[in-house]
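Q: Add chains B and C to chain A, keeping to what the hints say.
Residues per chain are reported as follows:
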Amino acid sequence: MASRKIWLWLSGAAVIVLFLPLLIKNSFLLGIFIVIGLYSIVSQGLGLLMGYAGQVSFGQAAFYGLGAYTAAILATRYQTPPLLCLLAAPFLPALVALIIGRPILRLREHYLVLATLGIGILVFALFKEFSDLTGGPSGLTGIPYLAIGHLVFDSDRDYFFLVWCVLGLVLLGMANLTRSPVGRVFRAIHSSEKAAEAVGISTASLKLQAFVVSAFLAGIAGALYSFWVTFISPSPFGFTTSVEFALMVVVGGLGTLWGPVLGSGIIVGLDKFLQWAVPEVLPTVGGEFEIIFFGVIFVIIMLFRPKGLLLPEKSIVAVAAKTEDR
Amino acid sequence: MLKRSFILGLGLLLLLVLITGCGKSATTSKEPGGEPAGAPSKEAYKIGAVVDISGPGSSLGEPENNTLQMLVDELNAKGGIDGHPVELTILDNKSNETEAVLAAKKLIEQNVLAIIGCSQSGTSLAMVDTITKSQVPMVSMAASAKIVTTAAGEQQPWVFKTAQSDIIVANKIAKYLVGKGIKDVAFLSMNNAFGDSGLLNFEKAAADNGINILIKQKFEATDTDMTAQLTKVKASKAKATVVWAIPPSASIVTKNFRSLGINMPLIHTHGIGNQTFIDLAGADANGVIAPMGKLVVAEQLPDTDAQKQVLLDYLSDYQAKYTKRPSTFGGHGYDAFQLTVKAIEQAGPDRAKIREALEQITGYAGISGVFNLSAKDHNGLGDDSMVMVEIKDGKWTYLSN
Amino acid sequence: MGIESQYIQYLISGFTLGSIYALIALALVVTFNITGVFNLAIGEFVTIGALTAVSLREAGCPILFAYILAVMLAGLVGALMERTTIHPARKASVLTLIIITIGVSIALRGAALLIWKTHPYTLPSFVNTASINLLGAVIIPQSLFVLGLAVVAVGFLLVFFDFTFFGKAVRAAMMNRTAAQLVGINPGRLSMFAFTFGSIIAALSGIFITPITAATYDMGFTLGLKGFVAAILGGVTNVTGAIIGGLLLGVIEAFAAGTLSTGLKDAIAMIVMIIVLLTRPTGILGDR
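Protein chains in written order, with this note's numbering: chain A, 1213 to 1538; chain B, 68 to 468; chain C, 96 to 383.
Please keep in mind that the hints were generated in silico from the structure rather than gathered at the bench. All values reported here derive from a predicted model rather than from experimental measurement. Positions of the beta carbon are idealized from the N, C-alpha and C atoms, including for glycine. Fair warning: there could be bad hints in the mix.
Ranges of calculated distance between the beta carbons of each label pair, as one might list FRET restraints [claimed, not checked]:
#	chain 1	residue 1	chain 2	residue 2	range
1	A	Ser-1404	C	Ser-150	47 to 55 Å
2	A	Thr-1292	B	Asp-370	58 to 66 Å
3	B	Glu-423	A	Gly-1354	35 to 43 Å
4	C	Lys-212	B	Glu-412	53 to 61 Å
5	B	Pro-416	A	Leu-1220	29 to 37 Å
6	B	Lys-304	C	Leu-230	19 to 27 Å
7	C	Arg-266	B	Met-331	53 to 61 Å
8	A	Ile-1413	C	Ser-150	18 to 26 Å
9	C	Leu-175	B	Ala-219	53 to 61 Å
One chain only, chain A, in its complex shape (with noise of 0.2 Å):
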C-alpha cells in the first residue's frame, strides 16, 4: 500500500484539482488543463517504461492515436455507446504492444530508438491509408459526447473532472506499483539488465509487461482525447507528438512520480508562455522564435540537468569536466 506520504500529496493535489474549476471559469485555461491532464496520463505509461523499466519509446503517439481511434470508429461507424468505447478502447493499443513488444525490446539505445520511432510512423501512414475505416487524412468528425448514465460530458469543466480523476486513479496505481516488489525489480532491470538476469528475474516479460501498460494508458488517453474534441485526424499522432511525450518524461525526471506530471505541464505551459514571452520582450517578431527558443530550452534543459528537473542529479557538464572514462 503506498505510503502515508504519497496519501498526502494525492490528497493535497485532489483539493487543489478540485477547487480548480471553481476559480477557474476560464475555458482556455480548462482547456489547457485538460490537454495536460491527458498528456501526462500517457506520460505516466512512458515515464514507467523509460524511468522504470529503463527503455525508450519514441513511439507512443501511435498508441495515443490508436485508443483515438479505436474510441472514435466504435462510436461513429458502429454506433457504440461512448463509455463502452472508452472502455474498450485502450486493448488495441495494448494488444498491439504486445503482439510487437517482444522482439522490440530486445534492441538497446539506438536500435531501440529507431525501432519505435519506425512503429510510430508505420502506425501513422496506416491511419491515412485505411480511410474507409478512419477517414483518411480528412479524418472523423462527428464523434459524439461521453456519457456515463445521465452524466454527459459536454463541458471543459466536466472534463476536466473527468480527465484528472483518471490521471489520479493512474498516479495512485503508479504509487502502488513503483513501491511493491514488482516496482523495486523494475528499478534493478534499469540499474542493470545483466545483474537483474543474473539474479534470475525475467527482463524481458517485465518489460514487456511495462510496454504494454504504457499502450494502455496512452490508449485511454486517446479515447479521452476522442471525446473531446470531437474531430480527430491522423495529425496530432505523428512523430512530432511522440518526441514531446518522450520529453515531457525526461525533462520532468525520470523514475520519479510526479515528473511526468511536470514535465507535460512544463511542455504544455511553456509553449503558452513563450506565445505569451516572446512578444513581449521582442515585440517585431514573429512565431518562429518560439520555437527557436523551445529548441535552445530543451538543450539547456538536457545539458544541466539531464535526469530531468525533479532529480537533483550533478549535470553532465559537471561529470564531463571530471577525465574519467565512462
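A: Below, chains B and C alone, put in the same frame as chain A:
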C-alpha cells in the same frame, strides 16, 4: 526529498502563475497598428482569428495573416465599424489541431464577436465543436465542405466558409474536359485532407459528366520524386492528367511529368494559385491549365465582371504594403474579414445576430467570388467563382469562365 | 510504355531518391562511427546548405562561390553545434544525447523558418540538358550529379581512411577511443571534425538535390528520417553501407509507390527497417 518536493511545488506554482497571467492578458497578440480616427470613446469591437501561420499550412496562413492585418488597419483608419474601433486578435495555431482548439477557447474567453479561421480544413474542423458550444460565429478560410456540413447533411449553424468548395473546382475541370472531348483521365492527388477531398469531389464530378478515371495515384506532401506514379500514368490509356496538389509537390509532379515526356494535357487545380508554382516548375509550367479564383488574372477579366474592381484594389493595396502579389489564399482571408465586418455592421455586437446577418448576405462581390449566403448555404459560392486559366510564357493567362 | 520500361523507370527513380538518402545516411554514419552519437539534427544541415545557397544566389553571388560559402557556413554551424551542445554532454547517456540533438534540430528549424519563411525555393540544374532516355525510361541529368556526389564522397572517405595519416588516426579512434587517446589522438577534436564533416556532406547534398525537389525550411525533417532508415539498412558501421542502404531504400520506395500505393510506401519502408533492426541490426554490410 525536501528539495525535490520544493522544486515540484515551485514548478507547479510558477506554471499556474504563468498560464493564468497569459490567459488573462487580452492584449497579448498582434493588435492592429492603426489609430482609430473619430470618437475614441466608442467601445472596441473584438474579432478573433486563428490562422495557420507556421507549420505545414503556412503557405496558406501567411498571406491570410498579412491580408487580415492590412484590412483591419484600413478599417480602423476609416473609423472602424460605425465609429467603433476594431480589435483583431490573430493567433497562430502552428497548423496543429489541438492548438487550434485552445486558440479558439482563448479568443472566446476574450469575448470576441466572431472567429475567423482556420487556414486548413483539419484545423478548422477541430474548432467547430468549441465554437458551436459557445455559440460564436466562425468563418473558415478553408475549403472542405465538411466544415459547414454536419454528419446529417445539414449546415452547421455557427460555421461559415469563404473558400470555394472542391466540387466547384472538380465541376470546372470536368466541364473543361467534356468541352475538349476527353473522356479518359488519370488522377493524381496529395495524400492529405486537401487531396482526399479533391479525389472525392472529382469522382463525383466525373461520374456526373461521363468521364472515366482510368488510374488514381497519390503522393505525399514531402515526396521529392513522383516518377513512379507518373510512369503508371504514361503507361495507361488516359488522355489527360488531373493533379490535385499544392507547391512544392505540384511543381515536382509537373517537372517529372515533362521530363517523362508524357504527351497529354496537364490540368491542375486552384492549389497552384501563386507565383511559387511557376517559379519552382520553371519552363515546365507552361501549358498547365487550371480552374482558379479570378485573382490571378484580375487584369485580364472583362470590365463587366462584378469582381474586377475589388480584385484590382486588393492587388494594389497588398502589393503596396507587402511588395508581392497576394495569393488566392489571402483572398479567402479578405472575404472572411469583410463578411464578418458586414455582418457586424448589420447586427451590432451580438453573436447570435451576427450569425443571422451572415446568413443574409447576398450579392457580395469578394475576392473568392460573388457570395450568396443563406441558411441552407454557408459558403455561398457557385461555379462562376472560378475561371479557367493557362500558364503561357510563365504567366497566368485567362482562358474562359 | 511496356511493363519492363515501367520497372526500369521505377529503378531509376529509386536510384534518384536513393542517392539523396544515401548522402544523408553517409553524413550520419560518419558522425556516428566517430562519436557514437546519432545526430538527429542532420536533416537541418541539408536545409541550411540548400537555403543559404539560394539566398546567396539571390543576393547576386556567382553560383560556385555561393555554393562554397553555403557549405562552409553549414560546416561552421556543425562545429558550433558540436562544441556547445555535444562536447559538454559527451559523458551523458544515449537518451540525453538524442534529446539534445532533437532540441538542436527544433531550434535550427525555427531559425530556418524565421529567415526563409515557408516559401519553397529552387536552384538551377547544374547542366541544362534534356532528360536522358534509357531503355524506354527517363533519367533526369541532375540525379546523375546527386549519385555522382555520393560516389565521390564515399571514394574520398575510403581514400581518407586508408591512405592518410589523419584518416588512420580517426579509424583508430573509432575502434578504440582510450587507446587512441593514449597515443595522443585528441577525441575532442575528432568529435568536432566528425560533426563538421557530417554537416558539410549534408549541406552539399542539399545543394545538389534542390534543383530536383524544392528547398523549404522543413525539408530536413523527412530527409533526415529517411537518411536514418537508409543508414540502418546499410549498416551504421559502414560507410559504403550507407550508400547501399540509401539506394536500396529509394528503390523500395519507388517500387512500393509504383506497384502498390503511395500511402503504404512509408509504411513499407518502416517495416523493412524494423525487420532489419530485429534480424540484422548491424545492417546489410555491417559486421555481425
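Q: Take the hints in turn and mark each one as holding or not.
A: Hints and how they fare:
1. Take A:Ser-1404 and C:Ser-150: their Cβ atoms lie about 51 Å apart, and the range 47 to 55 Å holds.
2. Between A:Thr-1292 and B:Asp-370 the C-beta distance comes to about 60 Å, which sits within the given range of 58 to 66 Å.
3. For the pair B:Glu-423 and A:Gly-1354, the supplied restraint of 35 to 43 Å is violated, since their beta-carbon distance comes to about 25 Å.
4. Remark: the range hint 53 to 61 Å for C:Lys-212 to B:Glu-412 is contradicted by a beta-carbon distance near 34 Å.
5. Our hint of 29 to 37 Å for B:Pro-416 and A:Leu-1220 is violated, since their Cβ atoms are close to 50 Å apart.
6. Judged by the Cβ atoms, the range 19 to 27 Å given for B:Lys-304 and C:Leu-230 holds: they are separated by roughly 22 Å.
7. For the hinted restraint 53 to 61 Å between C:Arg-266 and B:Met-331, the CB-CB distance of approximately 55 Å keeps it satisfied.
8. Against the hinted window of 18 to 26 Å, the Cβ-Cβ separation of A:Ile-1413 and C:Ser-150 comes to about 57 Å, which falls outside the hint.
9. At about 58 Å, the CB distance of C:Leu-175 to B:Ala-219 agrees with the hint of 53 to 61 Å.
The structure fails hints 3, 4, 5 and 8 (numbered hints given earlier, in ascending order).
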